[in-house]
Amino acid sequence: MDDPPTAPGGPAGARTRALLIAAFTIATCGLIYELLAGTIASYLLGDSVTQFSTIIGVYLFAMGIGSYLSRYVHRDLVARFIEIEILVGLIGGLSSPVLFFAFGSISAFRVVLYAWVLATGVLVGLEIPFLLRILKDQFPLRDLVSTVLSLDYLGALAASLLFPLWLVPRVGLMRSSFVFGVLNLVVAVWMCHVFRREHGRPRLTVQAWAALALLLAGAVYADDLMERSERQLYADPVILSRTSPYQRIVLTQANGDVRLFLNGNLQFSSRDEYRYHEALVHPGLAAVAAPRQVLVLGGGDGLAVREILKDNRVEQITLVDLDPLVTDLFAAHDALAALNDHALRSPRVRVVNADAFVWLEEHAERYDFIVVDFPDPSNYSLGKLYTTTFYRRLAAHLDAGGAMAIQSTSPLAAREAFWCIVETVRAVGLHAAPYHAAIPSFGEWGFVLASSEPLRAADRYPAALRYLTPDIARSLFDFPSDMAPVPVEVNRLNNQILVQYHTDGWSRYAR
Amino acid sequence: MEPLRALIRGRLLSRRDLLRLGPFAAGALGLGCRPGAPAPAARAPGGGRISGSIVGASHRIGHRLRDGGFPEPQQTREVPVVIVGGGMAGLSAGWKLAGSGMHDFVLLELEAQPGGNARWGENAVSAYPWGAHYVPVPGAEATAVRELLDEMGMVREHGPDGEPIYDARHLCHAPQERLFFHGQWRDEISARALLDAGDTGAVAALAAFDGQVRRYSDYRDARGRRAFALPRAASTTDAEIVALDRLSMRDYFDRAGWSSERLRWYVDYCCRDDYGCTLDTTSAWAGWHYFCSRPAGAEYLTWPEGNGRIVRHYMARLAEQVRTGMLVYRLRPALDAAGAPAPDGGVEVDALDTTSDTAVRFRARHVVYALPRFTARRVIENYPPAGAPSEEFTYCPWMVANLTVDRLPDGAAWDNVLYDSPSVGYVVATHQDLRTTPGASVLTYYLPLTPPNPEVARAWMLERSWDDWVALIFADLIQAHPEIESLVSNVDVMLWGHAMIRPVPGFLWGAARRAERRHGAIRFAHSDMSGLSLFEEAQYHGVRAAEELLRALGHPHASSLPPAADT
Ligand SMILES: Cc1cc2nc3c(=O)[nH]c(=O)nc-3n(C[C@H](O)[C@H](O)[C@H](O)COP(=O)(O)OP(=O)(O)OC[C@H]3O[C@@H](n4cnc5c(N)ncnc54)[C@H](O)[C@@H]3O)c2cc1C
Numbered sequence: 039m040d041d042p043p044t045a046p047g048g049p050a051g052a053r054t055r056a057l058l059i060a061a062f063t064i065a066t067c068g069l070i071y072e073l074l075a076g077t078i079a080s081y082l083l084g085d086s087v088t089q090f091s092t093i094i095g096v097y098l099f100a101m102g103i104g105s106y107l108s109r110y111v112h113r114d115l116v117a118r119f120i121e122i123e124i125l126v127g128l129i130g131g132l133s134s135p136v137l138f139f140a141f142g143s144i145s146a147f148r149v150v151l152y153a154w155v156l157a158t159g160v161l162v163g164l165e166i167p168f169l170l171r172i173l174k175d176q177f178p179l180r181d182l183v184s185t186v187l188s189l190d191y192l193g194a195l196a197a198s199l200l201f202p203l204w205l206v207p208r209v210g211l212m213r214s215s216f217v218f219g220v221l222n223l224v225v226a227v228w229m230c231h232v233f234r235r236e237h238g239r240p241r242l243t244v245q246a247w248a249a250l251a252l253l254l255a256g257a258v259y260a261d262d263l264m265e266r267s268e269r270q271l272y273a274d275p276v277i278l279s280r281t282s283p284y285q286r287i288v289l290t291q292a293n294g295d296v297r298l299f300l301n302g303n304l305q306f307s308s309r310d311e312y313r314y315h316e317a318l319v320h321p322g323l324a325a326v327a328a329p330r331q332v333l334v335l336g337g338g339d340g341l342a343v344r345e346i347l348k349d350n351r352v353e354q355i356t357l358v359d360l361d362p363l364v365t366d367l368f369a370a371h372d373a374l375a376a377l378n379d380h381a382l383r384s385p386r387v388r389v390v391n392a393d394a395f396v397w398l399e400e401h402a403e404r405y406d407f408i409v410v411d412f413p414d415p416s417n418y419s420l421g422k423l424y425t426t427t428f429y430r431r432l433a434a435h436l437d438a439g440g441a442m443a444i445q446s447t448s449p450l451a452a453r454e455a456f457w458c459i460v461e462t463v464r465a466v467g468l469h470a471a472p473y474h475a476a477i478p479s480f481g482e483w484g485f486v487l488a489s490s491e492p493l494r495a496a497d498r499y500p501a502a503l504r505y506l507t508p509d510i511a512r513s514l515f516d517f518p519s520d521m522a523p524v525p526v527e528v529n530r531l532n533n534q535i536l537v538q539y540h541t542d543g544w545s546r547y548a549r
Numbered sequence: 018m019e020p021l022r023a024l025i026r027g028r029l030l031s032r033r034d035l036l037r038l039g040p041f042a043a044g045a046l047g048l049g050c051r052p053g054a055p056a057p058a059a060r061a062p063g064g065g066r067i068s069g070s071i072v073g074a075s076h077r078i079g080h081r082l083r084d085g086g087f088p089e090p091q092q093t094r095e096v097p098v099v100i101v102g103g104g105m106a107g108l109s110a111g112w113k114l115a116g117s118g119m120h121d122f123v124l125l126e127l128e129a130q131p132g133g134n135a136r137w138g139e140n141a142v143s144a145y146p147w148g149a150h151y152v153p154v155p156g157a158e159a160t161a162v163r164e165l166l167d168e169m170g171m172v173r174e175h176g177p178d179g180e181p182i183y184d185a186r187h188l189c190h191a192p193q194e195r196l197f198f199h200g201q202w203r204d205e206i207s208a209r210a211l212l213d214a215g216d217t218g219a220v221a222a223l224a225a226f227d228g229q230v231r232r233y234s235d236y237r238d239a240r241g242r243r244a245f246a247l248p249r250a251a252s253t254t255d256a257e258i259v260a261l262d263r264l265s266m267r268d269y270f271d272r273a274g275w276s277s278e279r280l281r282w283y284v285d286y287c288c289r290d291d292y293g294c295t296l297d298t299t300s301a302w303a304g305w306h307y308f309c310s311r312p313a314g315a316e317y318l319t320w321p322e323g324n325g326r327i328v329r330h331y332m333a334r335l336a337e338q339v340r341t342g343m344l345v346y347r348l349r350p351a352l353d354a355a356g357a358p359a360p361d362g363g364v365e366v367d368a369l370d371t372t373s374d375t376a377v378r379f380r381a382r383h384v385v386y387a388l389p390r391f392t393a394r395r396v397i398e399n400y401p402p403a404g405a406p407s408e409e410f411t412y413c414p415w416m417v418a419n420l421t422v423d424r425l426p427d428g429a430a431w432d433n434v435l436y437d438s439p440s441v442g443y444v445v446a447t448h449q450d451l452r453t454t455p456g457a458s459v460l461t462y463y464l465p466l467t468p469p470n471p472e473v474a475r476a477w478m479l480e481r482s483w484d485d486w487v488a489l490i491f492a493d494l495i496q497a498h499p500e501i502e503s504l505v506s507n508v509d510v511m512l513w514g515h516a517m518i519r520p521v522p523g524f525l526w527g528a529a530r531r532a533e534r535r536h537g538a539i540r541f542a543h544s545d546m547s548g549l550s551l552f553e554e555a556q557y558h559g560v561r562a563a564e565e566l567l568r569a570l571g572h573p574h575a576s577s578l579p580p581a582a583d584t
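Residue numbers (the numbering used here), protein chains in the order written: chain A, 39 to 549; chain B, 18 to 584.
Source of the hints: derived by calculation from the structure; they are not laboratory data.
Where a beta carbon is used, it is the ideal one built from N, C-alpha and C, also for glycine.
Check the hints yourself; a few may be wrong.
What the hints assert, rightly or not - Among the chain B residues that face chain A by a calculated CB cut under 10 angstroms, a handful are: (1) 183; (2) 186; (3) 188.
Isolated chain B, as found in the complex (with noise of 0.2 angstroms):
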């Protein structure tokens, strides 16, 4: 599918691609023109059969952010914290908090369902994902992690050696994965899987590349800090590492003469999975960190509803401090009778109720801005401060969609992945059932938009109908399933504009890093923080902002955070 093709090497597709997805979508099971008669231009997707649409218009009420135009709150609520947002990191924090025994405080998120990025959703088949949808068995640095899996009642003991050993019924089962490569399904994701051992520049090229993998996976600097760890703060700060940041990925296989062109397409594949970014616009730093921060063959944990699983879990202990439905639009600080700036440097936090619109004031002690971190320059005023470091943080738009199947396609695996298709492929919810009769299921297919400019891609993806994407789905599933428009009977569309961060070249060791934790009273916590778009990110800033503040209140509490770490 040459338009497919062209998405995948950045370029958007026109309406006249989009249109030769349809009847192609359409013909490929006979439904749709037949050969000989006059084609229609596009056909519903299933002959009308199959049902759905796009979900979750939040970035219309985002869009009120930059029009403005809030009504003047006409109640104060004084609170000793507040905390915006309610993705992982928000709710990390206030995890960390009610965990502390302080439960004084609110949480205030847009959505109608707190889980941001994490969110999931439900239907009659299964729950599955909207977006996050899995978490690798932490390391020892990520020992927040180790922690919330523990309470969560995913460790089934503890080995001799004290490490924890995780009930099989969480980890992802097996068949975990599978490739489908020039017509035939592979049974893994890798380099491996995909080498031609005629091919001696590529086979050399990949045992260089793992050797390189090995290598940074095994050092350690005098301080004992791995070069890539989970969290990304307690990785090393030496000058040979970090300068990996200033390449991308790319610049890196050139310079190291891989040119095997399936080792380039896994790594291609690799970024756009963890950071919705190619080879070209990933920095090597960070691609560096997909492959070496985790232990070689290190296995996931992951729930029907994704990491939603997680948030069900945060939600059970804050129900009380969590508000949805509340559209956060104003930070400030909060001024005296006589208009000047209060003595206990307190925050003002203005919030619109989407429910009743109506405007709600706060005035909190201290905040953790859990929002993503584009959104601070129109929430808190006069932000950024003057002479302060410019904050460059773009993001890559996501296209997710949940397919609701009959049955599922034969030999399904957990993860199913094609080569050379723009999406990374897609997951099944039902995959950790125990029953052993296949039945109905719910595929969950991901698609990065990952051109130079995501400013475009986003107008663009904001633009497309959901007969376009389910034609694009169909048309790049129907390669490996050719069944696949008979067995769908639902899609339902979610369009993340801002999904990921994206760790281009020079930003994780530079803006992010320069980036301020803490504004006056207002500590951000998002993952953005860490440039990486990862539960682990999420949790450990979320942790780390509700320690420092715990700390300020001198609220006693035990850290759950590695030692090492460069906050």
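Just chain A, with the same shape it has in the complex (with noise of 0.2 angstroms):
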């Protein structure tokens, strides 16, 4: 096509336009189901270059499959392509609801996903060729083409901004896809009616208008529907599950346990989080001669901040978490806000949203109790706050006779990752102390004291601790031989060698 496209010439009757703006809504769903099921594929399997690729590859042999099929198709066309816009409509519309109930087995769960991109493919691959076919009368072939083709790349423009921009952030998967179902029975609908003399089926109108109430009311009851689905994936019943830029936090609760999860992975079970926190705070916190001004990095649920607030010579704790989602649910969230006894709503504590790494360049506050809870370093980008470079600029915020504790992944499961962290706290001059504790639902855990001069052991904790006492306290500094240290490299920005040692950890130790 050499010519730039002309405006459609001809008729600009309500069937044509009927027709091309169904030539547009196609082109847009098509493509935003496609990306709906590439997205949700990544997001439950991961390896995202894979998921889309296999997808984009089956979507678009299934369109050669459809276009060739549209020749055996000769008779009632109108029909047939306002059939076919029902079906794509309804199969699009419930591609989200039926891909995520369909991960409960991850074998079946693939089955699904190609046949139903599979499916999408071959309905959309048969439209346009029909499409062509209806309106070929009306149009010189020349300018036919252009405007259909025009209007399909239109459609696809359309699609690809508003994916990323609006329907993943705003609208989410599941609703997403009903929206557009929703969308495409509205035309299919709308047609329906303009061609009810061509078509003569007053069934494919009830059709069509009970495929609009059922995507309708899955659009409205959508979030139910993303609980209910996701209930699968846990143990026990989801309470909660919000989706923030950052991660996905989902919170379950059975018998009385509650647990937090963020992107699938256990951040504490209520029944032994006291064991983790109390042995991450208490035995740093207590050894520092006056602790006044406390920091505590990551740990956006305030357990840690509990912890603190026990030990009334603190005056001023700053929290510094990533996710004002989080800090918000654990301070205004009735029954979170119980879990850390409303500590985030403590006149002695303030809430900074900030990426830890730039706030600490940024600010020049020293502390004498810092306390370090961040995920396991398990990729690149959490590995950089185990380095050296990170150390160094942590340290610089200590003051004289602080300390600070770092949890440090499971010296059983990683040992190499965890006396890793160790070896890099030593490194930048830091004096360290490991140490460990038991937490049922976590296993054998590991944390890594670290201060400027050694520290002496402190003989009085806080009252009411479930779990510490200075005798079991000093226990912890003791490892036993399958835990003891090995050799290992320190952790730098350029070698990142951490990363490897906790994957190789992990991963053996789960086998």
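Put the two chains together into one complex; each comes in its own frame, and the hints tell you how they fit.
Have a look at this one:
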């Protein structure tokens, strides 16, 4: 096509308009369904490159089948076209719920995923040739092809803009598929009306309305469905789930045990989290002579803050956590705030939502005690928070006589990773005192106390602890031989060896 | 992708080839031509969603040099020293002068932004390089580089042996690199990563190659000089090593009997990456220099704006001397009132102020000429002098594109290379960012145009439209990143006509070495002088010219250069 497409000439009646609008909707919705399938598959299975490329491949292939099959349809083109529009709307509109529910079994999920993509592709592939054939008497071929294809591209453009900018962040994966199914069906209903003489089948209209009603109900109850589908991913009933720009936050509850999952990873179980948080906070905090200013990095659930508040010597706690959704939930949601004794609303606590590395660079305050409670170094982004560069920066925020306590993964499951953190702390000239505690829902867990001067173990802890006493705490600094030191390299920004140790350790342990 | 593979082999793509890339790139996301429907010839990338343009049209200004017709200067400024060219060489010369307390000079740069091949850009997401983007941790001979990096605050401390320990913040973070090979990413760009353990010929070739790398790296001549040093001037002049310059890297491989396809690909990639030349057009001396001039596993320093960070450091010291937007079009001996060459041997430097389109004349006692060497013929009157050796400096053109992406492709390393691609991959501008949350980024994509005749490649390059480039980039990257088109929101393209001097066989120890270092009061300083397009070389020649000049002026200074250099 060398010439620029001309504006559609010929009769611009309601029918032509309806068909062209249909072309536009098909293009938009078809692409959205495909992007949805790719996103859901990446979300559930990971490895987005593979997911997107196979889905795209199957989809293109299916469209080819569709256009090929179109030659076998000779009569009732308009009715067929509307039927297909209804089917695309139904299949596409139901794609998110079907895929989410199919995830119960991974092998079944793959089958359903590709069957679904194949079906959508075949139907969309049928539609364009139909449309061209229906319209061919109204336009010269050249204008027709260029008009339909332009609309097709415009639809694709609309979809590719809508999807990342509005649908995923605002509407959510579940509701998006319903919304676009509804759009398909509104067009179908409208076409039933416009072409009522051509198709002459009242049943078609009823079918279109019924499908529309189904999807509208789905759109209204999308959140419920999402939660319901998510329940299968977790052992216990899901009581709350939210998506922030940073992560998916899911809370489950069973028999009084509340569990927090971030992106599917367990963060705590309310049954034994006190062991973790007492062990994280008190051995270090009690050993500092005058802990007035305390900094907590990560730990937006406020549980470490709750422990720190038990120490009356502490005047102010600054909590720096990336995700405002997490800190807001744990400050304001009744059940969650109850877990941390409403710590985040204490006048002694200041909450900052920022990226820890950047925040430390931009601020100069010094602290008597610092708690470092980041997720495990399971990838390069998180691994940066366990490097010499990070600890050096952190040390610059530590007051003379201060200390910091660092959550350091499991010395039993990932022994090299644990000792790597210890050695990395030592490499920046700090004293490191490693210790560990048993937390049933996590297993054997490790921590590192770091300070510029060697610390003396404290002989007094706050009252009202459920797990630690000075004597028990002392025993935690002994390592049995299955967790004893191993030779390791220091973790630096330019080697990130810790990520390797962590992955190796945990994958061996999980096997 | 057949057309792309042809580009690697040095065949330029026809209009038809490019059109074949268009729908390919477009069709990949199902956005473009649907099977069964008549395919449109080509489609706007990303359905028209992707913005961008070809930026930096200085070749047009450059053409003015050829066409002439400049206004006559209306005013003359007296100044002891003029540096022409504000790339790394010119700026390094200025740095040495200013650092020695000699501030009375001007530096004239054509572009609005100084830096030459180390220029950078910036958008709402990140700063990003337009060309040079890293500096390897300097070895002992690269004294001036060490001095500079120390001054820039890149050294955290000095070890017990006095060796600098660089700040890990600025050393390239892990993961540094990865290579897309047969549908999978390998986490190393090396011949080893490609090795098929079952192919005994390849295993033997690699062992022999590695052995040779070790031998050349350990080589020391009677004066203790290395076979291949950085700066180049510190290398040995032993005939055995120098003779390598007469062979191409391919000749060397053929003679050694190393036929492993993958090993050849790897070495070819290295030559394209550093020199914009292929196995055929790189001299074996230059090829081995790449592998043997730096310690094995040497790390490198990098910044979001690439070597633009160094430009910024220089500019903080030279803000008063640097004048941008100045097209230097003529250098000639200054005349006295009687029309005879002035007794002090001064030089007239005529430049066009491109913002006001008026000409200015500088009358200088000394000039540092830091423009690419091929311009000398047009800029310096009566140059080269009769009887001087011919100056055959040829250049490889490069296309560099900066792609703004909403998020990084999964698992992105700093340097991401695709096997069997005409490009040398892309680097990630936000790689050194310390934030833990992934976000938008800028990918800098590099494509050397390596056909044997660079004139043809240059003409071809200048004729391509923005759409052609975007289609080509997507067609290349899509094999590794099927989702690439949906990630990209903007593509800006820079066309470097004379990007890199080509170390073709015979050039480095022939024309490059014979070329005059000095022409009267004009001292040449540009990485072209060494024949290797590297920051270390540009800086070396800038500093060398500055020190010669300080000596001529009798200005006290300490040398920044290695003592053993063969100047
Ligand atoms: C795409 C690309 C990537 C590279 N990557 C790296 C890398 O990662 N690491 C590395 O070490 N090297 C790299 N290089 C090599 C780079 O060329 C050198 O590092 C170095 O920047 C060269 O500096 P120079 O001063 O010798 O030359 P140039 O950068 O060529 O400087 C010449 C200057 O003269 C100006 N000029 C030209 N004509 C006139 C005129 N008539 N009047 C006034 N001014 C004029 C130009 O605008 C320019 O600023 C890369 C090069 C390219 C092209």
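Q) Failing hints, ascending? A) The structure conflicts with no hint, since it agrees with every one listed earlier.
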